[in-house]
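J.: Chains A and B are the protein sequences, given in the same order.
Under UniProt numbering, the first residue of the first sequence carries the number 1, and numbering increases by one thereafter.
Under UniProt numbering, the first residue of the second sequence carries the number 1, and numbering increases by one thereafter.
The set of hints was computed from the structure by calculation and includes no laboratory data.
Hints should not be assumed to be uniformly reliable.
[What the hints assert, rightly or not] Straight-line Cα separation of at most 25 angstroms, SDA-like style, residue types lysine to any residue; simulated pairs:
1) Lys-138/A <-> Gly-73/B
2) Lys-249/B <-> Lys-119/A
3) Lys-77/A <-> Gln-140/A
[As the list claims (entries may be wrong)] Label-pair distances were calculated between CB atoms; the ranges are:
4) Pro-394/A <-> Thr-252/B: 54 to 60 angstroms
5) Arg-185/A <-> Thr-159/B: 29 to 35 angstroms
6) Lys-32/B <-> Pro-265/A: 55 to 61 angstroms
Idealized CB from N, CA, C, for every residue including glycine.
Listed here are the chains, written in short residue letters.
Protein chains: 2
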Amino acid sequence: MEESAASQGEKKVVAVVGGGLVGALNACFFAKRGFQVEVFETREDIRKAKVVRGRSINLALSHRGRQALKHVGMEQKIVSKGIPMHARMIHSLSGKQSPIPYGRKGQYILSVDRANLNKELLTEADTYPNTKLNFDHKLQNWSAETGLMTFGRPDGSQTEVQADLIVGCDGAFSAVRKQFLRHSRFNYSQTYIPHGYMELTIPAQNGEFAMKPNYLHIWPRNTFMMIALPNLDKTFTCTLFMPFEEFEKITTGDEVIEFFQKYFPDAIPLIGADALKRDYFRLPAQAMVSVKCSPYHIGDKCVLMGDAAHAVVPFYGQGMNAGFEDCIVFDEIMNQFNEDFSAVLPEYTRVRVPDDHAIADLAMYNYVEMRAHVNSKWFIFRKRVDNLLHFLMPKTIIPLYTMVTFTRTRYHVAVERWHWQDRVINRGLLLGAVGVVFGGSYLLIKNPPNINKLVVPAEKIWNKLAALITP
Amino acid sequence: MEESAASQGEKKVVAVVGGGLVGALNACFFAKRGFQVEVFETREDIRKAKVVRGRSINLALSHRGRQALKHVGMEQKIVSKGIPMHARMIHSLSGKQSPIPYGRKGQYILSVDRANLNKELLTEADTYPNTKLNFDHKLQNWSAETGLMTFGRPDGSQTEVQADLIVGCDGAFSAVRKQFLRHSRFNYSQTYIPHGYMELTIPAQNGEFAMKPNYLHIWPRNTFMMIALPNLDKTFTCTLFMPFEEFEKITTGDEVIEFFQKYFPDAIPLIGADALKRDYFRLPAQAMVSVKCSPYHIGDKCVLMGDAAHAVVPFYGQGMNAGFEDCIVFDEIMNQFNEDFSAVLPEYTRVRVPDDHAIADLAMYNYVEMRAHVNSKWFIFRKRVDNLLHFLMPKTIIPLYTMVTFTRTRYHVAVERWHWQDRVINRGLLLGAVGVVFGGSYLLIKNPPNINKLVVPAEKIWNKLAALITP
């Protein structure tokens, strides 16, 4: 292997803007390469903060995220504090629970605590002697030409810092990205979905989990839904997703209970009626935004990663995983181009944009699938067919969820493959159905029954066929 | 009719930010209603400026734009200085010219001079005693809560102005819109297409037009194209649309001529080889952006109109027409809600967003159609079928282009209707083709020919059928 450019001469300065999940992990990646790393975070050090606000409490960690953690030696530490979830657990209106596995036996995603993960990553970044963490530094301005940044401090003063590379990991409302909007031919979109979310808690019951812990619990109700992820302290964090206008319709505690009695009756005793009446009004429902942009870099001095480059809606559980994978992809390209930023940055844009756009679209697709399709018989039937085919031909037919969650298949390749598989499987099912109809017809002609008894079944068969063609 | 709110009490102040086409026209609309209108334009007064730079020279004015001009008594004045274009004139590689009419006999679009139109509109706005035009006023900041705006002046000083309504008509890179991005749940996208454009001139020959004047000349060449619109001074303005990377490949005068010889040989003598070699390098190719956003208003004090709300790519000739129609739509809603901004603004967003998004999508669709489909036999065949059906059933089948260009059918309704018509016509054509095949088969069975002679025609028929199903 060639010696890295950084180790040949003076160590270059990499400024990571944002000390959240992707920023802290990225600091480890750059530190491992020997760069002089400076992390700048607007907020105080969350390891010392009393109250951490505003973001979801737990997250689903899967293969891509784990691979990135592994790269900096953090995988086992984080996994040991996560709770495996092997399947979705669907709660019907009647309270019936039915599991739909995520993949094959032994495949699972992990419920991890966001705040703890962030703390662990910051502590890990701190162990590198060539890394410095700067909290209470709010980016005010920066230049893509010179790499000079100006930060505002809580006392009103300003600090100037110059870097060889600015890595914008400052989230969905990125301050680094604002500068990109002023550059010509920067493609950008931000889309708010009509749904908001609200977090509620299911406390432990007699020191134990109130529901089966190793599942991601889902209450799909078509236009809205609730999910629940387990926490280490034996509580569950519930997230209610609903159109803002529905949230606004509920204005009293009694209306909350009425609403839950209608749609989530089994959740009332779990959350507790009094807690529900109180917690529903604790915080207003939060907005969810999907951000896409391109390119991810300006010149050879600035690059966007994580939510700053591609905020996604949370319905595929891939936001953090995609951000963590960004770090691996960038690292791989750094190897390929011997840390020459002028070559690495354009290549990173070329390689990563189609994948991030694919996962953003998939998350938006799952926004409908999770709350609506999960209820449909066709959906469950197709999941079973896919899983069976995957079992029979593990290299030919791989369910989309498996490719996204349990492999590092490039997101856009997974989507292309999914469309191909879908066509092949639907055609196979159609052919099978046609075979059954023809076979049946043959038998019927051999032994003709009363014609009047035939009309209804024929219509049913036709409906099934029609459903197969247009699922 | 009810008396307007403005005439009941003190005249409200409407600040129109931007003195371009839509801003100047809008000033007339608000002035006609009796508001105290202030127009703020960053640039100097173009009526006094020596060189007007940066935007296309001529534009296609059609029904929607004319209706808006009519509303303020400007239609005849502008139409008299426009040049009617009755059809597209397609230039093939061999130099053959074939017209494709825009609509029925007597229907045409008008080539108008942008700078002259802008000057006439500013002069018209100036005739209202309740209107004041402020040039050299660059918007620096404004508040959606108070309606207070700060403008920078060329001497470095600042002016503050307070308004009851701020109307952002400041174009694709709107300064007013920037503030919207800071508000929660504002959906926004800006998409640059890979093509750039460059303007060239075909001079008059012996004091006459060098080509037939009453056409929009098109040289479609699949991945790129050139168009030419006539001017009053008997010149044509050509616009070459091409991917930026193709523009960049051409670096010398000889390469320009080589390129034109390959793709636009008939244009070289028209433009003149020497002028072509020189003018190609006069200005770099310009970018084209498509901007969509929603909502168009904040509270009851600010609204976006024209390119500021919906910049579209120029391939449907509807950018200005859609912007002018904005003024009529807003005016209609002002009547409906008796000038109550708190009701008018949300209604304007509700009504206008789907239409503007539809025309933005159509313009993007035509970006492909104009340079590629126009060459295909199927496209020309379908245009003929559509026009014939429109002639036979003028109220049932209306070509999309006609609805968009020669009516005020809401853009999104035109698109829905187009999809419906397309399905109906394609099915009709398919049925017709199937009938021909069956009829032919019947005749063949009656009089069986040599089977070997049948294979090739059968394949051809099959290919035609396949093309009908998937045009």
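J.: None of the hints should be skipped; say for each whether it holds.
T.: Verification of the hints:
no.: 1; hint: Lys-138/A <-> Gly-73/B; verdict: violated (54 angstroms)
no.: 2; hint: Lys-249/B <-> Lys-119/A; verdict: violated (51 angstroms)
no.: 3; hint: Lys-77/A <-> Gln-140/A; verdict: violated (35 angstroms)
no.: 4; hint: Pro-394/A <-> Thr-252/B: 54 to 60 angstroms; verdict: holds (58 angstroms)
no.: 5; hint: Arg-185/A <-> Thr-159/B: 29 to 35 angstroms; verdict: holds (33 angstroms)
no.: 6; hint: Lys-32/B <-> Pro-265/A: 55 to 61 angstroms; verdict: holds (60 angstroms)
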